[in-house]
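> For chain A, the structure is supplied; the task is to place chain B on it using the hints.
Chains A and B are the protein sequences, given in the same order. Residues 56 to 435 (this note's numbering) make up the first sequence, in order. Residues 56 to 435 (this note's numbering) make up the second sequence, in order.
It is worth saying that the hints were derived from the structure and are not from the lab. Just so you know, even glycine gets a beta-carbon here, dropped at the ideal spot from N, CA and C. Just to be clear, a hint being listed does not mean it is correct.
[Said to hold, decoys possible] Covered, in the sense of this in silico footprint (three residues per stretch, anywhere, with C-beta under 8 Å from a C-beta of chain A), are these stretches of chain B:
(1) 61-71
(2) 141-152
(3) 162-169
(4) 239-250
(5) 358-368
(6) 417-427
[Unchecked claim] Computed cross-link-like contacts, SDA-like style, restricted to lysine to any residue with a CA-CA straight-line distance of at most 25 Å:
(7) A/Lys220 x B/Ser300
(8) A/Lys80 x B/Glu212
(9) B/Lys263 x A/Tyr395
(10) B/Lys80 x A/Pro140
(11) B/Lys220 x A/Lys138
(12) A/Lys335 x B/Val86
(13) B/Lys220 x A/Pro304
(14) B/Lys138 x A/Leu134
(15) B/Lys135 x A/Asp228
(16) B/Lys422 x B/Cys176
(17) A/Lys263 x A/Pro209
(18) B/Lys220 x A/Gly175
(19) B/Lys80 x A/Lys252
(20) B/Lys426 x B/Asn129
(21) B/Lys135 x A/Glu141
(22) A/Lys263 x B/Gln397
(23) B/Lys220 x A/Ser300
(24) A/Lys138 x B/Lys100
(25) B/Lys263 x A/Ser300
(26) B/Lys393 x A/Ser251
(27) A/Lys263 x B/Gln204
(28) A/Lys80 x B/His158
(29) B/Lys100 x A/Pro140
(30) A/Lys100 x B/Val143
(31) A/Lys80 x B/Cys176
(32) A/Lys263 x B/Ile298
(33) B/Lys138 x B/Ala162
(34) B/Lys393 x A/Pro62
(35) A/Lys252 x B/Asp228
(36) B/Lys263 x A/Gln397
(37) B/Lys220 x A/Asp82
(38) A/Lys135 x B/Lys138
(39) B/Lys393 x A/Ser300
(40) A/Lys393 x B/Gly338
There are 2 protein chains.
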Amino acid sequence: MSFVSEPTAPSIRTAVPGAATHRIKEDLDAVIDARTVQMVIDYDKSIGNYITDVDGNTYLDVYAQIASIPVGYNNPALLKAAKSPEIVSAPVNRPAVGNFPSHQWLALLREGLMRAAPPGCTQVFPAQSGSEANDLAFKAAFMRYRRQQRGDNPWTEYEQATAMKNQAPGSPDLAILSFRNSFHGRSFGSLSTTRSKPIHKLDIPAFKWPQATFPQLKYPLEAHIQENAKEEVRCLEEVKTIISSWHCPVAGIIVEPIQSEGGDNHASPAFFQQLQAITKEHGITLIVDEVQTGFAATGKFWAHEHWALPSPVDIVNFSKKAQTAGYFFSDENLRPDKAYRQFNTWMGDAARIIICNAVIDEILSNKLVEKNGSCWHGTI
Amino acid sequence: MSFVSEPTAPSIRTAVPGAATHRIKEDLDAVIDARTVQMVIDYDKSIGNYITDVDGNTYLDVYAQIASIPVGYNNPALLKAAKSPEIVSAPVNRPAVGNFPSHQWLALLREGLMRAAPPGCTQVFPAQSGSEANDLAFKAAFMRYRRQQRGDNPWTEYEQATAMKNQAPGSPDLAILSFRNSFHGRSFGSLSTTRSKPIHKLDIPAFKWPQATFPQLKYPLEAHIQENAKEEVRCLEEVKTIISSWHCPVAGIIVEPIQSEGGDNHASPAFFQQLQAITKEHGITLIVDEVQTGFAATGKFWAHEHWALPSPVDIVNFSKKAQTAGYFFSDENLRPDKAYRQFNTWMGDAARIIICNAVIDEILSNKLVEKNGSCWHGTI
Numbered sequence: 056m057s058f059v060s061e062p063t064a065p066s067i068r069t070a071v072p073g074a075a076t077h078r079i080k081e082d083l084d085a086v087i088d089a090r091t092v093q094m095v096i097d098y099d100k101s102i103g104n105y106i107t108d109v110d111g112n113t114y115l116d117v118y119a120q121i122a123s124i125p126v127g128y129n130n131p132a133l134l135k136a137a138k139s140p141e142i143v144s145a146p147v148n149r150p151a152v153g154n155f156p157s158h159q160w161l162a163l164l165r166e167g168l169m170r171a172a173p174p175g176c177t178q179v180f181p182a183q184s185g186s187e188a189n190d191l192a193f194k195a196a197f198m199r200y201r202r203q204q205r206g207d208n209p210w211t212e213y214e215q216a217t218a219m220k221n222q223a224p225g226s227p228d229l230a231i232l233s234f235r236n237s238f239h240g241r242s243f244g245s246l247s248t249t250r251s252k253p254i255h256k257l258d259i260p261a262f263k264w265p266q267a268t269f270p271q272l273k274y275p276l277e278a279h280i281q282e283n284a285k286e287e288v289r290c291l292e293e294v295k296t297i298i299s300s301w302h303c304p305v306a307g308i309i310v311e312p313i314q315s316e317g318g319d320n321h322a323s324p325a326f327f328q329q330l331q332a333i334t335k336e337h338g339i340t341l342i343v344d345e346v347q348t349g350f351a352a353t354g355k356f357w358a359h360e361h362w363a364l365p366s367p368v369d370i371v372n373f374s375k376k377a378q379t380a381g382y383f384f385s386d387e388n389l390r391p392d393k394a395y396r397q398f399n400t401w402m403g404d405a406a407r408i409i410i411c412n413a414v415i416d417e418i419l420s421n422k423l424v425e426k427n428g429s430c431w432h433g434t435i
Numbered sequence: 056m057s058f059v060s061e062p063t064a065p066s067i068r069t070a071v072p073g074a075a076t077h078r079i080k081e082d083l084d085a086v087i088d089a090r091t092v093q094m095v096i097d098y099d100k101s102i103g104n105y106i107t108d109v110d111g112n113t114y115l116d117v118y119a120q121i122a123s124i125p126v127g128y129n130n131p132a133l134l135k136a137a138k139s140p141e142i143v144s145a146p147v148n149r150p151a152v153g154n155f156p157s158h159q160w161l162a163l164l165r166e167g168l169m170r171a172a173p174p175g176c177t178q179v180f181p182a183q184s185g186s187e188a189n190d191l192a193f194k195a196a197f198m199r200y201r202r203q204q205r206g207d208n209p210w211t212e213y214e215q216a217t218a219m220k221n222q223a224p225g226s227p228d229l230a231i232l233s234f235r236n237s238f239h240g241r242s243f244g245s246l247s248t249t250r251s252k253p254i255h256k257l258d259i260p261a262f263k264w265p266q267a268t269f270p271q272l273k274y275p276l277e278a279h280i281q282e283n284a285k286e287e288v289r290c291l292e293e294v295k296t297i298i299s300s301w302h303c304p305v306a307g308i309i310v311e312p313i314q315s316e317g318g319d320n321h322a323s324p325a326f327f328q329q330l331q332a333i334t335k336e337h338g339i340t341l342i343v344d345e346v347q348t349g350f351a352a353t354g355k356f357w358a359h360e361h362w363a364l365p366s367p368v369d370i371v372n373f374s375k376k377a378q379t380a381g382y383f384f385s386d387e388n389l390r391p392d393k394a395y396r397q398f399n400t401w402m403g404d405a406a407r408i409i410i411c412n413a414v415i416d417e418i419l420s421n422k423l424v425e426k427n428g429s430c431w432h433g434t435i
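Next up, chain A with everything else stripped away, as it sits in the complex:
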């Protein structure tokens, strides 16, 4: 990775935000809600770790577009991918990829995206955002759960009729358990599992799904070994209690390896190992939300690789630094019993996967996993 003209230091020339940002923000506000705009950026002038606004101020960017810029602004490898002949066709001839994939789709996945598949995950379902990936993962978990109950029995008329009315048993009361302070997105499914701030949730109807406490560890870890172990056991007991007492079955558990938007909260490999054991015991799908932690952020390609689990995670979700989104999965039963149950018009975006593949190239060829590992300060 070489950014030949990357600045060596920030350079601030105006008040922040500057006059040009103010002016554009005001104009933007006439067509979109621009209250959240912090700065207007000249991306053509932003290079590597440095971002330059329309007022000519250059900043060292540690915010990275809400943790979404993986290998720097105007990365030469990504620019090359963005100018390739393959990427021109993708937006011009956008396919309903589930029905009519292009002749390049197989290579984009098998020789491309699947290089990032976590250990034991053999399949992928592409999506367009982290929220969508989580919603799709929940649907896979629900279908798998009902399949365990139904076996090979066909769908009954009554199930089908009640599903059309949003009623059980066709549309059953099933839950996804998440953890306090977690963030999993803002669509209706994912928002029902997000537990970080009222600003996300107020006034929005939610599924009556449960939350368990995420361990609150004390630092330095080596001075609180027994206390922290006890705290993790307490949280796991809470998970078990919810599973046995919630008003409806828990079909899935979603967890972040490191809680991010809701606080920088960690737990030990032992915690996650035991959490996986609980899900296996109850036929619950374990969904690891690596939207923030995936793609080489923690010294492994995926943060959950630090846990040394005895078997693969059921579902691993990705977005943000991947520049595309979706979920990898390891259990064949997470592919629904019938075609078209997990389906939509576009099912991802080939153009974004081409960029994602360039990101993976950069990570692998520059050994970024290994380099990040040397500055890893997790609890592991």
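Below, chain B without anything else, positioned relative to chain A:
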């Protein structure tokens, strides 16, 4: 619009699907669920209305990627946009556009996408799929509804605490009403309003939201004038009954101008005029789902323009032929009272909006609205 080398007729050379499709489908199935794959396409060889598969068969494409190809394969204007310098930066330097829009964002929206805004709609919220657009529209409707009740009173501690637990009043029981046979998408919010087929809904938890009957008109229309008017009144009465008797308030109504995925079902302008009147009377947000019907498919740019409504629609959703997605809106109160309530990391995709703008250029410069109008066979 000129496709100089567009075929003049289909040409079938092998069994369909052919051997190459079979082989690639089998390989694809190892990494994604490929049961839904009908043909593998060589998009580089597909031109205008004709699509060519990897076995060398060329078809006249009336399916158009689930109604998503607006102006033909390899349209020269779209190819030009896909090779422009602006589109290179968009995927390489993908912004969290709500926080750090590019210096081109304003022009992409104001001089670009907003040309497509329906009458009276002054603002847009970009998204990435029709399902996401619908979910976002529902959230806007819920926040607007609660704002009508709360007025300028601040959020209470109790509201905020209950929202974090997925409980009322913070996370209130509010509904979106939809119509039987409608299709509005597959995420958890939109799926709760989709009412077309059990394959979409079975085993997936749903909000307990209501459905009303969509008019079933008899044809030829001129021979069934009174009968059809009576049918529409019956359906509107059903809407009113649901609003007054449902277990929770109805905050929004979503309707397709022409039911598409769930059948080719039409209703008269009078029906939609009265539906709008009902929503206005009850402070309910009217959401017109133009994911299928928008972008010049019906002789108007938007199908709802045929209704000659006395005031603008609250929300109009778009996707598919737009090549991007989102919702336009007319009522200032659909912008939430606080920033960051309707927000996510990417909030759409500038690269897709660049292509959308080329589609709008093609529609306007080739007068496609006017030309489609001459073959319009709706009920209007």
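> Work down the list of hints and note, for each, if the structure agrees.
Quick rundown of the hints versus the structure:
1. 61-71: Answer violated; 0 residues pass the 8 Å Cβ test.
2. 141-152: Satisfied; 9 residues make the cut.
3. 162-169: holds (count 3)
4. 239-250: holds (count 7)
5. 358-368: With 0 residues closer than 8 Å to chain A, the stretch 358-368 of chain B misses the three-residue bar; violated.
6. 417-427: violated (count 0)
7. A/Lys220 x B/Ser300: Holds, at about 16 Å.
8. A/Lys80 x B/Glu212: violated, 32 Å
9. B/Lys263 x A/Tyr395: holds, 24 Å
10. B/Lys80 x A/Pro140: Status holds; Cα separation ~24 Å.
11. B/Lys220 x A/Lys138: Given that 25 Å is the threshold and the Cα spacing comes to 47 Å, the pair is violated.
12. A/Lys335 x B/Val86: Cα-Cα ~24 Å, so holds.
13. B/Lys220 x A/Pro304: holds, 18 Å
14. B/Lys138 x A/Leu134: Since the Cα atoms of B/Lys138 and A/Leu134 sit roughly 13 Å apart, the hinted pair holds (cutoff 25 Å).
15. B/Lys135 x A/Asp228: This hinted pair is violated, its Cα atoms lying about 50 Å apart.
16. B/Lys422 x B/Cys176: Since the Cα atoms of B/Lys422 and B/Cys176 sit roughly 22 Å apart, the hinted pair holds (cutoff 25 Å).
17. A/Lys263 x A/Pro209: violated, 28 Å
18. B/Lys220 x A/Gly175: Distance of about 34 Å is beyond 25 Å: violated.
19. B/Lys80 x A/Lys252: violated, 44 Å
20. B/Lys426 x B/Asn129: Holds: B/Lys426 and B/Asn129 sit about 21 Å apart, inside 25 Å.
21. B/Lys135 x A/Glu141: Given that 25 Å is the threshold and the Cα spacing comes to 14 Å, the pair holds.
22. A/Lys263 x B/Gln397: Holds, at roughly 22 Å.
23. B/Lys220 x A/Ser300: The given pair, whose Cα atoms are some 16 Å apart, holds under the 25 Å limit.
24. A/Lys138 x B/Lys100: With a Cα-Cα distance of about 20 Å, the restraint between A/Lys138 and B/Lys100 holds, given a limit of 25 Å.
25. B/Lys263 x A/Ser300: OK: B/Lys263 and A/Ser300 at ~23 Å, within 25 Å.
26. B/Lys393 x A/Ser251: OK: B/Lys393 and A/Ser251 at ~17 Å, within 25 Å.
27. A/Lys263 x B/Gln204: Holds, at roughly 23 Å.
28. A/Lys80 x B/His158: The hint holds at about 10 Å.
29. B/Lys100 x A/Pro140: holds, 14 Å
30. A/Lys100 x B/Val143: holds, 14 Å
31. A/Lys80 x B/Cys176: holds, 20 Å
32. A/Lys263 x B/Ile298: Within the cut-off at roughly 23 Å; holds.
33. B/Lys138 x B/Ala162: holds, 18 Å
34. B/Lys393 x A/Pro62: This hinted pair is violated, its Cα atoms lying about 37 Å apart.
35. A/Lys252 x B/Asp228: holds, 19 Å
36. B/Lys263 x A/Gln397: holds, 22 Å
37. B/Lys220 x A/Asp82: violated, 38 Å
38. A/Lys135 x B/Lys138: holds, 13 Å
39. B/Lys393 x A/Ser300: violated, 37 Å
40. A/Lys393 x B/Gly338: violated, 41 Å
The structure fails to meet hints 1, 5, 6, 8, 11, 15, 17, 18, 19, 34, 37, 39, 40 from the earlier list, while all remaining hints are met.
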